[in-house]
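Student: Below are the chains, spelled out letter by letter.
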Amino acid sequence: MIYFELFYTFFLIGLFTFGGGYAMIPMIEEQVVTKGWIAEATLTDFIAVSEVTPGPFALNISTFIGNNIGGVFGAICSTIGVILPSLIIIIIVAIVMNKFITNKFVRGALNGVKPIVLSLIFSTALFMLIKVVFFSGNAIGGELAFDMKSFTLLIVLVGYIIIHKFVQKKSVSPIKMLGIAALLGLIIFTV
Amino acid sequence: MKKDSLWFRLLVLFLVFLKTGALTFGGGYAMIPIIQNEVAGKRKWVTDSEIIDIIAIAESTPGPIAVNTATYVGYKVAGVIGSIVATLGLVVPSFVIIFVISFFYKDFMKIAAIQAMFKGLKVGVIILLFSALIKLSKGVKLNLFTIILFVIGFSIMVLANFLPNNFNYWSLCLILFGALCGIIGVIISKKKGENK
Chain A
-12 MIYFELFYTF FLIGLFTFGG GYAMIPMIEE QVVTKGWIAE ATLTDFIAVS EVTPGPFALN
48 ISTFIGNNIG GVFGAICSTI GVILPSLIII IIVAIVMNKF ITNKFVRGAL NGVKPIVLSL
108 IFSTALFMLI KVVFFSGNAI GGELAFDMKS FTLLIVLVGY IIIHKFVQKK SVSPIKMLGI
168 AALLGLIIFT V
Chain B
16 MKKDSLWFRL LVLFLVFLKT GALTFGGGYA MIPIIQNEVA GKRKWVTDSE IIDIIAIAES
76 TPGPIAVNTA TYVGYKVAGV IGSIVATLGL VVPSFVIIFV ISFFYKDFMK IAAIQAMFKG
136 LKVGVIILLF SALIKLSKGV KLNLFTIILF VIGFSIMVLA NFLPNNFNYW SLCLILFGAL
196 CGIIGVIISK KKGENK
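Sequences listed follow chains A and B, in order.
The first sequence maps to residues -12 to 178 in the numbering used here.
The second sequence maps to residues 16 to 211 in the numbering used here.
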C-alpha cells in the first residue's frame, strides 16, 4: 500500500539523516528515484522549490514528494514519517540528557558517521553535476551530450560566489544564489 | 487563561513554532535566533545555555535539525505533549504552502520561461549541495580514519551507481557502517589505554 510505503520510506530517511536537510538528499534520491516514484530531473526541481519556500527544507521536500505520489494523505504520511524518529529519539535523549552528549560511544559513532555523510553528499552532487553538464540531465552512461549552456551557467555562478566571498567577506545566501541561478537560466536558456 | 498554565504554554509553543516554520528559509540553524528570542529571552522557559545544548543535541541525533530543535524545546517547556505541539506548529506552514504550490506546479512547469528558470535552478541546486558539503566538512577532523571512511563511502556510491542493482539501501548501510567503525575505534583506543 502506497501510504504505508511512503510512511516507512520517510521514517527511514528521518532516522538516518545526520547534519540537516541536505544530508537527506542522497537517501531521498536512492529511495524515491529507484522506486520510480519520481524522475531524477523532477527531484532537482522539487529540491529548488523546497529551498525557496519558507519552512524547513526537510519538511518541504517530504510534503512535496508525499503529495506528488499520494495526494494529501500521502503528504501527511511522508511528513509524519520524517518527524517521528526525531520525536521518539529527542524525547528519550531529553530524559537522559547529559549522559547522551558526553557519552564516548555516541561521540565515537558520530565521528564515524560524519565522513560517510560527506562522502554521500559529495557523490550525489558529483553525479548530478556530471548528468547535467555531460548528459543533458539524462542518466550517466547514455549518449554523451555536452551541455554548453549549463556549463557556462555553472562557471558564472561559481565565479560570482567566489568574488562575492572575496569582496563582501561573507557567503551568498542560498535564496539569493538560487534567485540569480533562475534569472541567468531564464536568459541563457531562452536565447 | 492563566499565564504559565499548561494550556497557555502549549498555545505559545504552537504559535512560536508556527511563526518559525512560516518565516525561516532553509531550516535548521536559521530558526535558532527566533526560538532563542521567544522561548529564552522573552519568557525564560529555557536558559541560554540550554539553547546551546539544544544545538548540540539537534546535530548529534538523527532527524532534520529543525524538527529536532522543535521537539526538544517543546519537551523542555511542556513535556511530551509540548514536543508534539511544537513539532505540529513547525509542520503546518510547510504543509500548507507546499500543498498550495503542488496545485499549480504541473501547469506552471509547462511555461517555457519557467522551464528555462528551472534549468538554471538545477545548476544552482548542485552548487548548494557542494556548499553544504564544504560547510559540513568544517566539523570533521581530517585524519586517516575519516579519510578512509570517506573514500570507502565514495567508492561504494560510485559502484552502486554503475553496477545494475535494485538495492536502494546503500546510504543507510554506509551510515551504519560508519557508526560501527566509530564505536570500534573507541573500544580499541580504550584497550590501548588499559595496556599502558
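For the record, the hints were derived by calculation from the structure and aren't laboratory data.
Accuracy of the hints is not assured; some may be wrong.
[Stated by the list, open to error] Pairs of lysine-lysine, DSS-like flavour, derived with a Cα cap of 25 Å:
1. B/LYS153 / A/LYS156
2. B/LYS156 / A/LYS91
3. A/LYS163 / B/LYS150
[Stated by the list, open to error] Chain B is nowhere near these chain A residues, computed Cβ spacing over 10 Å in every case:
4. MET(-12)
5. PHE(-9)
6. GLU38
7. ALA62
8. PHE122
9. PHE153
10. GLN155
11. LEU171
In this text the structure is predicted, and so the values were computed from the model without any measurement.
We treat Cβ as the ideally placed atom computed from N, Cα and C, and that holds for glycine.
Student: If a hint holds in the structure, say so; if it doesn't, say that too.
Tutor: Hint check results:
1. B/LYS153 / A/LYS156: holds, 18 Å
2. B/LYS156 / A/LYS91: Measuring from Cα to Cα gives roughly 16 Å; hence the hint holds.
3. A/LYS163 / B/LYS150: Holds, at about 17 Å.
4. MET(-12): Given that every Cβ of chain B is farther than 10 Å from that of A/MET(-12), nearest at about 19 Å, it holds.
5. PHE(-9): Consistent with the label, A/PHE(-9) stays out of reach of chain B, its closest Cβ about 17 Å off (over 10 Å).
6. GLU38: Label violated. Min Cβ-Cβ 7 Å, cutoff 10 Å.
7. ALA62: Given a closest Cβ separation of 7 Å, the condition is violated.
8. PHE122: Non-interface label on A/PHE122 holds, nearest chain B Cβ at 13 Å vs cutoff 10 Å.
9. PHE153: holds, 15 Å
10. GLN155: holds, 15 Å
11. LEU171: The claim is violated: A/LEU171 sits with its nearest Cβ about 5 Å from chain B, within 10 Å.
Going through the hint list in order, the structure does not satisfy hints 6, 7, 11.
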